[in-house]
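Can you make the complete structure from the sequences, with help from the hints?
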Amino acid sequence: MKIFVVTGANKGIGKSIVESLAEKLVSDDIVYLTARNPELGLRALEEVKKLPTRKADVKFHQLEITDDESCRTFSSYLKSTHGGIDVLINNAGILFMGVPTRKSANETLKVNYYGTKRIIQNLAPLIRKNGKIINLCSTTGIMGGIYSQERISQLKSATTLSDVDKFVEEYVESTEPDTRGSRGFPEEDWGGYRVSKTAELAMSSIFAKELIKKDISVNACCPGYCISEMTTDIYPPPSLTTQQGADTPVFLALEEGLGHGNFWFQREKISWF
1 MKIFVVTGAN
11 KGIGKSIVES
21 LAEKLVSDDI
31 VYLTARNPEL
41 GLRALEEVKK
51 LPTRKADVKF
61 HQLEITDDES
71 CRTFSSYLKS
81 THGGIDVLIN
91 NAGILFMGVP
101 TRKSANETLK
111 VNYYGTKRII
121 QNLAPLIRKN
131 GKIINLCSTT
141 GIMGGIYSQE
151 RISQLKSATT
161 LSDVDKFVEE
171 YVESTEPDTR
181 GSRGFPEEDW
191 GGYRVSKTAE
201 LAMSSIFAKE
211 LIKKDISVNA
221 CCPGYCISEM
231 TTDIYPPPSL
241 TTQQGADTPV
251 FLALEEGLGH
261 GNFWFQREKI
271 SWF
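For the sequence shown, our numbering assigns the number 1 to the initial residue and increments by one for each residue that follows.
If you are wondering where the hints come from, they were derived from the structure by calculation, not from laboratory data.
On a predicted model such as this, the values are computed, not experimentally measured, just so you know.
Incorrect hints may appear among the rest.
If you anchor each label on the Cβ, the simulated ranges turn out as follows [said to hold, decoys possible]:
1) LEU51 to THR160: 40 to 46 angstroms
2) ASP178 to GLU256: 24 to 30 angstroms
3) GLU107 to LYS166: 30 to 36 angstroms
4) LYS103 to GLU256: 24 to 30 angstroms
5) LYS213 to GLU107: 32 to 38 angstroms
Calculated pairs, EDC-like style, for lysine to aspartate or glutamate (alpha carbon to alpha carbon, straight line, at most 16 angstroms) [unchecked claim]:
6) LYS59 to GLU23
7) LYS11 to GLU39
8) LYS49 to ASP28
9) LYS110 to GLU173
10) LYS209 to ASP163
11) LYS103 to GLU173
12) LYS2 to ASP189
13) LYS59 to GLU107
14) LYS2 to GLU39
15) LYS269 to GLU256
16) LYS103 to ASP28
17) LYS110 to ASP165
18) LYS129 to ASP215
19) LYS59 to GLU47
20) LYS103 to GLU47
21) LYS59 to ASP28
22) LYS11 to GLU46
23) LYS24 to ASP57
24) LYS2 to ASP57
25) LYS110 to ASP28
26) LYS166 to ASP189
27) LYS2 to GLU23
28) LYS50 to ASP67
29) LYS59 to GLU46
30) LYS24 to GLU255
31) LYS103 to ASP215
32) LYS110 to GLU46
Where a beta carbon is used, it is the ideal one built from N, C-alpha and C, also for glycine.
Right under this line is the structure:
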């Protein structure tokens, strides 16, 4: 029996990941569909359970990755119920459009970077030998041609999570007054999302080096530009379905011998610098 956890899974790509895992795993396996809103999470659970091709068991647990107590409660539940887990897929994330303010930058990073870091720190001690962590990032996090060389060097040389925290904090500082360009950061309206995904990629690399000592692999991936609630108001509109977006994360979760500390897109390794 293997235990899988998917964050932000009541809709969109997260839900499609749960559905795909439920179809590909065996009856002894359990997939945890997590969401911050219990009503929406339980509704999604019922929909997944009705899939005629479902094999694995699917369960719901409330999880708010920005809340310490919620993460601790979930970790304690998993430990007491199963002893450990095998795969953590971090999908939860948000996107703010419009010129970033200090408030919107903080909100974006609170979920996409700090929230992902928090749930990894809470659940990594439960991951069994040969387990996996897959972080859903984005090709928008690629640094080349977007950030200054100084910023690229800053993350290339990062060896601790504190180094990445500093990068993130300096971005937030640059939003008001707006000094993003002069400080080497992207200036798009959705630049906060881009920075959060860059930070997630750097964080993934650091966790990969740390957790491989415990035989746990960490990889990041881009699901592609998918039709979802998050991308509703973006032009040009996306063309991929959430089912297509779930392909690479599920591939990384189920295939063996894929290594660790890499960034994947369409089942291929790519560079994020």
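Going through the hints against the structure:
About 42 angstroms separates the C-beta atoms of LEU51 and THR160, a value consistent with the hinted range of 40 to 46 angstroms. The hinted window of 24 to 30 angstroms between ASP178 and GLU256 is violated, with their beta carbons roughly 47 angstroms apart. At roughly 19 angstroms, the beta carbons of GLU107 and LYS166 sit outside the given window of 30 to 36 angstroms. For the pair LYS103 and GLU256, the beta carbons lie near 44 angstroms from each other, so the given range of 24 to 30 angstroms is not met.
As the Cβ distance of LYS213 to GLU107 is approximately 34 angstroms, the hint placing it in 32 to 38 angstroms holds. With a C-alpha separation of about 14 angstroms, the suggested pairing of LYS59 with GLU23 holds against the 16 angstroms cut-off. For the given pair, LYS11 sits about 12 angstroms from GLU39 by alpha-carbon distance, which is consistent with the 16 angstroms threshold. A hinted pair counts as satisfied when its Cα atoms are at most 16 angstroms apart, and LYS49 with ASP28 qualifies at roughly 15 angstroms.
For the given pair, LYS110 sits about 15 angstroms from GLU173 by alpha-carbon distance, which is consistent with the 16 angstroms threshold. For the proposed pair LYS209 and ASP163, the alpha carbon gap of about 15 angstroms is at most 16 angstroms, so the pair holds. Proximity of LYS103 to GLU173 is assessed by CA-CA distance (about 11 angstroms); at most 16 angstroms being required, the pair is judged to hold. Simply put, LYS2 and ASP189 have alpha-carbon atoms about 41 angstroms apart, too far for the 16 angstroms limit, and the pair is violated.
Taken as a hint, the LYS59 and GLU107 pair is broken in the structure, with Cα atoms around 29 angstroms apart against an allowance of 16 angstroms. Using a Cα cut-off of 16 angstroms, the hinted pair LYS2 and GLU39 is violated, with the two alpha carbons roughly 26 angstroms apart. Under the criterion of a C-alpha separation no larger than 16 angstroms, the hint pairing LYS269 with GLU256 is consistent with the structure, at around 15 angstroms. Between LYS103 and ASP28, the direct Cα distance comes to roughly 45 angstroms. Violation of the 16 angstroms bound is thereby established for this hinted pair.
Distance check on the hinted pair: LYS110 and ASP165 sit about 11 angstroms apart at the alpha-carbon level, within 16 angstroms; holds. About 5 angstroms separates the Cα atoms of LYS129 and ASP215, which keeps this hinted pair within 16 angstroms; it holds. A hinted pair counts as satisfied when its Cα atoms are at most 16 angstroms apart, and LYS59 with GLU47 qualifies at roughly 12 angstroms. At most 16 angstroms may separate the alpha-carbon atoms for a hinted pair to count; LYS103 and GLU47 exceed this at roughly 35 angstroms.
Our distance criterion of 16 angstroms between C-alpha atoms is met by LYS59 and ASP28, whose separation comes to about 13 angstroms. Taking the CA atoms of LYS11 and GLU46, the gap is near 12 angstroms; set against the 16 angstroms cutoff, the hint holds. Between LYS24 and ASP57 the alpha-carbon distance is near 11 angstroms, which keeps this suggested pair within the 16 angstroms criterion. Taking the CA atoms of LYS2 and ASP57, the gap is about 11 angstroms. The hint holds against a cut of 16 angstroms.
Distance check on the hinted pair: LYS110 and ASP28 sit about 35 angstroms apart at the alpha-carbon level, beyond 16 angstroms; violated. A hinted pair counts as satisfied when its Cα atoms are at most 16 angstroms apart, and LYS166 with ASP189 does not qualify at roughly 22 angstroms. Using a Cα cut-off of 16 angstroms, the hinted pair LYS2 and GLU23 holds, with the two alpha carbons roughly 14 angstroms apart. With a C-alpha separation of about 31 angstroms, the suggested pairing of LYS50 with ASP67 is violated against the 16 angstroms cut-off.
Taking the CA atoms of LYS59 and GLU46, the gap is about 10 angstroms. The hint holds against a cut of 16 angstroms. As the CA atoms of LYS24 and GLU255 are separated by approximately 12 angstroms, the hinted pair is consistent with the 16 angstroms bound. Between LYS103 and ASP215, the direct Cα distance comes to roughly 39 angstroms. Violation of the 16 angstroms bound is thereby established for this hinted pair. With a C-alpha separation of about 30 angstroms, the suggested pairing of LYS110 with GLU46 is violated against the 16 angstroms cut-off.
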